[in-house]
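Visitor: Heads up: the sequence lines are chains A and B, in that order.
For the first sequence, UniProt numbering begins at 1 and goes up steadily by one.
For the second sequence, UniProt numbering begins at 1 and goes up steadily by one.
Some clues are possibly wrong.
Which copy is meant is left open, because identical chains are indistinguishable; a pair holds if it fits in one copy or across any two.
In the BS3-like style, the derived pairs of lysine-lysine whose C-alpha atoms are separated by at most 30 Å in a straight line are [what the hints assert, rightly or not]:
no., residue 1, residue 2
1, K213, K145
2, K183, K502
3, K38, K183
4, K64, K38
5, K63, K502
6, K51, K145
7, K211, K145
8, K325, K190
9, K51, K458
10, K461, K145
11, K464, K64
12, K458, K38
13, K183, K503
14, K183, K213
15, K502, K464
16, K183, K145
17, K502, K458
18, K64, K322
19, K502, K38
20, K38, K190
21, K461, K51
Note that these hints are calculated values from the structure, not bench results.
Protein chains: 2
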Amino acid sequence: MSSQGAYFCKVFCLESFFRPPGDPAMFDSVRLPHSLDKQQFEEVSEQLREKLLDAQFELQQRKKKTILLVINGSDGAGKGEVLNRLYEWLDDHYLETLSYGEPTDEERERPLEWRYWRDMPGYGRIGLVLGSWHHRALLLRATGKTGRDGFQAALEEINRAEEMLSQEGVIVVKVLLFMEQEKAHRRLTKIRKTSGALRRATVIEWEDTLKGKERQRLTRAALDMVERTSTGYAPWAVIAADDARYRDAAVADLLLQALERANVETAPAAQAVPRDPASLVALPRSSLVGSLDMTQRADPESYSDELARLQSRITELTTGRKFQKRGLVLLFEGNDAAGKGGAIRRVRAALDPRQFRVNGVAAPTDEERARPYLWRFWRNIPRIGHVSIFDRSWYGRVLVERVEGLCSREDWMRAYQEINDFEHQLDRARLSVVKFWLAITQEEQLRRFEDREARPTKRYKITKEDWRNREKWGLYEEAANDMIDRTSSQRAPWTLVEANDKKFARLKVLQTIVDRLEAEL
Amino acid sequence: MSSQGAYFCKVFCLESFFRPPGDPAMFDSVRLPHSLDKQQFEEVSEQLREKLLDAQFELQQRKKKTILLVINGSDGAGKGEVLNRLYEWLDDHYLETLSYGEPTDEERERPLEWRYWRDMPGYGRIGLVLGSWHHRALLLRATGKTGRDGFQAALEEINRAEEMLSQEGVIVVKVLLFMEQEKAHRRLTKIRKTSGALRRATVIEWEDTLKGKERQRLTRAALDMVERTSTGYAPWAVIAADDARYRDAAVADLLLQALERANVETAPAAQAVPRDPASLVALPRSSLVGSLDMTQRADPESYSDELARLQSRITELTTGRKFQKRGLVLLFEGNDAAGKGGAIRRVRAALDPRQFRVNGVAAPTDEERARPYLWRFWRNIPRIGHVSIFDRSWYGRVLVERVEGLCSREDWMRAYQEINDFEHQLDRARLSVVKFWLAITQEEQLRRFEDREARPTKRYKITKEDWRNREKWGLYEEAANDMIDRTSSQRAPWTLVEANDKKFARLKVLQTIVDRLEAEL
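Bound-form chain A, shown alone (with noise of 0.2 Å):
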């Protein structure tokens, strides 16, 4: 690092921001004057700009971490300003600029989350945020929307989201641009004044819209976001604003220093071994699959009258007025041939063609494994009215990723609270998450096996891997126990479905979704 580089890395860097939490003069050291005169800027800025160019190139061949600089602070501390000069210094064509204002419809009808998830810049590339997950807490915090409970559960929320991402290589750097309010207000008021080019600079103005009492509950609220948010994966650096060049540089800095970390190849070791998670559900083990009564059969007389009571009942209630304000997300798991597709056409023939889509999960797409592993599910998610059926889902991960070792032991681990997480945000927003295992023994799996290979109109669905997978039994029922125990939420509970019987096991299905749905309504 140039002398320069060094110098300003000293000033601002983040260890002197963090101090006990509760300490009113977190933010003093950045009042301290910083700025760099004309001449310092030119040799600091080139010395950057080459930096910041080559690491981004390395970046983008290396295609391996995202980086999202995501830029806070007070309308008028240069928000807009700083945007334009990274947009001068890197290479714009990896670069984008993801912006959050109010919501679109299509962002209302689906969860708060989405928004980002939807814009997640591919591997390799840079996203500089504005209006990021931080500014919406702490608005509906100020509004008093939130109120203090709620606004520690939302950062305790962002702080696991972004552990997460960088777990997935996506690579959260966070700045707030300090300025004192009153100066900052005077800066804003005399930009607005100024017509023309300087005018781009004044982006997301919304303190304007905050009364008086709003305004102190802002401040406090932001202070103990930075305190709560700063983690290890994810800090705050908190930059003073007063001087453009310096600040500028800073920002810069901040991110070359992202750059060259994102850069370097971690070892698996030094990957944080994440805590073993905690079991959701109270049975004793010996009840999940291995214990199940295989026996249950469905009386053959009355199913057909059974099967359609259930369907036009499941037809009423997801064509009804209230499911206008909800939405279904149906969930099938289980072993190879338990009969998950004829479970499946059951379900659907009962929904409006318009209103549900069934998602095979297929081999990810080059795009999708440019991004962490949740996106492709996330690209999935029904909009309120709808209904999206998951033919195999996001549980791959505890399951036939596990067993098969296509990802680490650590990957899987972490993978049951990420997935609690993303099943209560799916739940949050109003969309009912119902999720089956569908069980057969090993012997009527042989069974079905051969049938499925001496009949025409299935013989595409059993393949040299299913086979394979047989011979695995225990590991997969191994990992399904897990998945059971520690997945099994309150709101999100599995629902195990005894399927040597499909008749039995159809009924089941569409009656668990009934009165899920008639709870629900």
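For this one, chain A is given, so just place chain B on it according to the hints.
Guide: Frame of chain A, contents of chain B only:
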């Protein structure tokens, strides 16, 4: 084909419906009774199902074609029931319903065509389309929002779009379910009275909103549409819908035929040879890129002031209220090292960072390769109030792909018209399309290549490929001349920029944008 298959194919197959335009008896043959009794249907459906699954499996394995089955027809004719039947008979993992009603706000902020492009299924998949582009054109005509001439123009555009799709591997199969109006109405009323399972079939009810005169106009317009948009590549099939069994079998058989056609490799010779596209430019060929006055230079004294003035003006224009109802597509092509990046940076610096995106054209992703050529550009079309900057663009097909032989002569020959249509669609949606060709001389290029190799911040910009391209200078110039000739439309003309002097080029680019925006706003 089975005897039943042959039977009903003979009855509904297309030729019988296509009589000289204007013949009022066009639908007569559909009015003959078409029905299958229960036993016939069971035999037929068993065979259809097996063949459909096989053909769909092959489609999915080959991943070369997409099928869009467009289902239109009177309310009550059974569109929803047909859909349900197809879901029963096909593998629903590779099947999706594309249903269009009132546009969402994100759709309203982009060209009309965007919603269909956005949903385009990848090769290997089948889309079932409800409320298609035909439906929209009909509705506008019925309600009088489009006049007679406008409707004819809309039909012509539909034909061109469907021809393009067919040549890009998307087979459009169009079905009109025919039922006499009174009968359909009676049936609809009956369906509405029942509750439960049957209700799901009543999708897309819209005729109720039409008044008497509008209904008459609708009938006439529908007849007109079937005549005018029944083309060799995307014919209409009018299918009698009185008997549900016949109707479902007939639609399924039509889909089967399309699948079988899709699964046959088309020999290149069988491709339609496009007409030689007409030149749009009246200028003599000698006035194009080969004979620009490359000695033009900016006055270095006044350059900075001039640059700042033009940038300020662009900021003013793009942040003003009027621009919130428009958008801007800026597109840069030119010789390698002509200074596209530098010109783009000068434009971008004048824009609000929340408002633009710079799109570099890199190798297509696999999701892009699995769809028609223009899809990857439609993805990046700006919404209203925004600016998309393309550093290289859809013109790649008639430049690099032509010169390097990456697509067939037929493909790039037809691309001129397709591009003109595409840009027309953007323009109609109030997106101004401004296109720049930056030209430098061979000597100047050599100088810049050598300079780039020497400078650390620029070395990532020069590759072996650039040197190879340079050897084909003449071929690229010919391709550029053809391109400018054939795609300089009135609303989206090319601006040729003499770029030996970078400052001159930048000022000309900025001035052109200012002029265009002033004219539009």
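Visitor: If a hint holds in the structure, say so; if it doesn't, say that too.
Guide: Verification of the supplied hints:
Within a single copy, K213 and K145 get their C-alpha atoms as close as 14 Å, which meets the 30 Å cut-off; across copies the closest is 51 Å, which misses it. Proximity of K183 and K502 under a CA criterion of 30 Å is satisfied in neither setting, with 71 Å inside one chain copy and 40 Å between copies. Taking the shortest Cα distances, K38 and K183 sit within 30 Å of each other inside one copy (22 Å), while across copies they are farther apart (83 Å). Proximity of K64 and K38 under a CA criterion of 30 Å is satisfied in neither setting, with 37 Å inside one chain copy and 59 Å between copies.
For a Cα distance limit of 30 Å, the shortest separation of K63 from K502 qualifies neither inside one copy, at 46 Å, nor across copies, at 33 Å. Taking CA atoms no more than 30 Å apart as the test, K51 paired with K145 passes in neither setting, with 44 Å inside one copy and 58 Å between copies. Only within a single protomer do K211 and K145 lie at most 30 Å apart by alpha-carbon distance; the minimum there is 14 Å, versus 47 Å between protomers. With identical chains, the CA atoms of K325 and K190 are at most 30 Å apart between copies only, with a shortest distance of 28 Å across copies and 46 Å within one.
For a Cα distance limit of 30 Å, the shortest separation of K51 from K458 across copies, 12 Å, qualifies, whereas the shortest one inside one copy, 58 Å, does not. With identical chains, the CA atoms of K461 and K145 are never at most 30 Å apart, being 51 Å at best within one copy and 50 Å at best between copies. Taking CA atoms no more than 30 Å apart as the test, K464 paired with K64 passes between copies only; the shortest distance there is 25 Å, against 32 Å inside one copy. With identical chains, the CA atoms of K458 and K38 are at most 30 Å apart between copies only, with a shortest distance of 24 Å across copies and 74 Å within one.
In this homomeric assembly, K183 and K503 never come within 30 Å of each other (Cα to Cα): the closest approach is 72 Å inside a single copy and 38 Å across copies. Taking CA atoms no more than 30 Å apart as the test, K183 paired with K213 passes inside one copy only; the shortest distance there is 19 Å, against 66 Å between copies. In this homomeric assembly, K502 and K464 come within 30 Å of each other (Cα to Cα) only inside a single copy, at 24 Å, whereas the closest approach across copies is 62 Å. Taking the shortest alpha-carbon separations for K183 and K145, only the intra-copy value of 28 Å comes in at or below 30 Å, while the best inter-copy value is 54 Å.
Taking identical chains as interchangeable, the C-alpha atoms of K502 and K458 lie at most 30 Å apart only when both belong to the same chain, with a minimum of 16 Å there against 65 Å between chains. For a Cα distance limit of 30 Å, the shortest separation of K64 from K322 qualifies neither inside one copy, at 44 Å, nor across copies, at 42 Å. Taking CA atoms no more than 30 Å apart as the test, K502 paired with K38 passes between copies only; the shortest distance there is 26 Å, against 77 Å inside one copy. For the homomeric pair K38 and K190, the shortest alpha-carbon distance inside one copy (22 Å) is at most 30 Å, but the shortest distance between copies (81 Å) is not.
For a Cα distance limit of 30 Å, the shortest separation of K461 from K51 across copies, 15 Å, qualifies, whereas the shortest one inside one copy, 53 Å, does not.
In this structure, the earlier hints numbered 2, 4, 5, 6, 10, 13 and 18 are contradicted, and the remaining ones agree with it.
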